[in-house]
Amino acid sequence: MSLSRMHKYLLAAGAIFGIAFGSWVIADSDTEDGDDLPTLDSIEVRASMQQPKLTLPNELTVVPVVKPGEYFVPPRLEDLTESKYADEVRLGRNIFVHTQQYAKRYVGNGLNCSSCHLQEGRKPHAAPLWAAYPMYPMYRDKSRQVVSFQERLQDCFRFSLNGIAPTLDSREIEALTVYAQWLSTGIPMGTIMSGRGFARIDKSEDPSPFNGAIVYKNYCASCHGDDLMGKKFTNRDGYMFPPLAGPDSYNKGAGMHKVKTCASFVKANMPLGKPFTLNDDEALEVCVHMFIQDRPWDPRKGMFMSIFMPVTEG
Amino acid sequence: MKNQKKDTAKRIVRMLGLAILSAGILTLSGCGKKSEAAREVAIAEGKALVEKGRGAVPACVACHGANGEGVEAAGYPRLAGLNSGYIEKQLKDLGRKLPPAGVVIESVAKDYSKTPRIYSDLTVFSPGLRHDEVMSSIAKKLSASDIHNVAAYYSSLPFQAKPVAADYEVLERGQDLALRGKPEYGLPACVSCHAPDGEGFGADFPPLAGQPAAYIVNQINKWQSGDRDNDNLGLMRAVADQLTDADKLNVAAYYANRSLTVKGK
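Protein chains in written order, with my numbering: chain A, 27 to 340; chain B, 80 to 344.
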């Protein structure tokens, strides 16, 4: 209470002047900035989350021109001569294509290896075996160590097939390794092949799950079903079109559960037979739609989740 | 007394529940019988139309065989055991009137990657057109109920394929294409949509096994020339565009060589 009356008056006047001057400055700067700014569509400034966009940029994504000799052509299965090695290759091919029959005890869902590695592991941009095999052993961020091809196969069984890894000396791992080695016949070790892995993805905006649901309905639902649960055979066991969600799909530890990986697969391979139909943003959006669905838990995060919080049927 | 009252109340509740359940079951079974009866009527009417024809509509058995098995030599397709939804769609597409000459209509965009994407429920794809000298004029004379009946009849028929012999090398190449496609050209395998034995899947993917080789080759030619353009998302058109003449012959011979048994319903 040591302030004199004079000081109080001065303070009050100063405050009033400050408020008035400040508000005038702000109002002035507002009008000036408003004159400078171009008129922007509100949708352009910030994507509306309430309502899906009505148009997307329709410039074509880069479609690789298919030239003879651009992609490696693995040897034909019919050209194999009769030998122990050929038998092992055929066994590996059968495990790869009919995983549900030949490696059923290691598989916990409804997928085959060839559900993602399309056309028996031969298709470029669908993680072909002939491009993967020469790169191993390699360092993996996921396990933070150098892994061999066989250890990598074990991870496929654990995560993408949501099952139990066969041991390194098991018949299944051996046959699959021989199959991959045969597919990559003639490729020097360590060669980075054209068509390795999936396609490259460059996002231009944050993907919206609202658009993803619409893209899914237009391009994917006729085969994979409206509920993403795939379509089962009517005349035999198993899935004709693999499930993208639910208890029979890959678990949350799989690479395909990462939106970017999924999108790079979708862009290069889906709809089947018309690759590079979706652009990068559409592929990302449809993968966000897949990402938010229910699927088995990551086995590394705790097995009790799978027991006490089982996956719903959709 | 209290216990007795509780018991009676419980009984009443149980009786009520039972009554509701039984009523529900009765209505359900009644509905099932009704739809079953409707299907049988459709099959009977379809059978009459297929065997005798009506007025200007000739009998289907004249070309498609007495049991819908098709004619191998002439390349007339088999219809027995096909998905009823598929038959209905094809008959509708065959009977759809082409736009009248002289009126310019915006062409149906076939390359969906080039079409502007309109993201709403109003997204329109081509309903599909299919042209055939003989079949288009017949399909135009069929009413919607005729189409439904014929489809119901043919989908109920059993079918047993008679494998056609072919050269070993041709079969080998056909199998390579059917099981593996041409990955280096982005051509998917036939089995990835038409089911592992070529038996077809659902209303979108018709069977290849048991079809005459000439019919398969003829249809692929029509995809290429544009006489047939009624596929889901333009998938088959993209596939057909990449097939060479030898590919067509090999894969048709392979599927004509397959054995197939379809149980009638």
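To be clear, the hints were calculated from the coordinates, so they are not data collected in a lab.
Values in this document were obtained by computation on a predicted structure and should not be read as measured data.
By construction, the Cβ of each residue, glycine as well, lies at the ideal position given by its N, Cα and C atoms.
Keep in mind that the hints are not guaranteed to be accurate.
So, partial list: chain B residues that the calculated Cβ filter (under 10 Å) puts toward chain A [claimed, not checked]:
| no. | residue |
| --- | --- |
| 1 | 113 |
| 2 | 115 |
| 3 | 118 |
| 4 | 207 |
| 5 | 208 |
| 6 | 249 |
| 7 | 251 |
| 8 | 255 |
| 9 | 259 |
| 10 | 262 |
| 11 | 265 |
| 12 | 268 |
| 13 | 274 |
| 14 | 280 |
| 15 | 284 |
| 16 | 338 |
Consistency of the hints with the structure:
Restraint check, residue 113 of chain B versus chain A: the minimum CB separation of about 24 Å is more than 10 Å; hint violated. Annotation: interface hint on residue 115 of chain B violated; nearest CB of chain A at approximately 18 Å, more than 10 Å. The closest approach between the C-beta of residue 118 of chain B and any C-beta of chain A is roughly 17 Å, which is over the 10 Å cut-off, so the hint fails. Because the closest C-beta pair between residue 207 of chain B and chain A is about 13 Å apart, greater than 10 Å, the hint is violated.
Hint status for residue 208 of chain B relative to chain A: violated, with the closest Cβ pair at about 19 Å, above 10 Å. Look at residue 249 of chain B: its Cβ only gets to about 12 Å from chain A, farther than 10 Å, so that hint breaks. Contact between residue 251 of chain B and chain A, as hinted, is supported at the beta carbon level, the nearest pair being about 5 Å apart and thus within 10 Å. Hint status for residue 255 of chain B: holds, given a least beta-carbon distance of 6 Å to chain A, under 10 Å.
The restraint placing residue 259 of chain B at the interface with chain A holds, with a minimum CB-CB distance near 5 Å, inside the 10 Å limit. Taking 10 Å as the C-beta contact cut-off toward chain A, the hint placing residue 262 of chain B at the interface holds, the least distance being around 4 Å. Because the closest C-beta pair between residue 265 of chain B and chain A is about 6 Å apart, less than 10 Å, the hint holds. The beta carbon of residue 268 of chain B comes within 6 Å of a beta carbon in chain A, closer than 10 Å, and the hint placing it at the interface holds.
For residue 274 of chain B, the interface hint holds, the least distance from its beta-carbon to any beta-carbon of chain A being 6 Å, beneath 10 Å. Restraint check, residue 280 of chain B versus chain A: the minimum CB separation of about 5 Å is within 10 Å; hint holds. Hint status for residue 284 of chain B: holds, given a least beta-carbon distance of 9 Å to chain A, under 10 Å. Look at residue 338 of chain B: its Cβ only gets to about 14 Å from chain A, farther than 10 Å, so that hint breaks.
When held up to the earlier numbered hints, the structure conflicts with 1, 2, 3, 4, 5, 6, 16 and fits the remainder.
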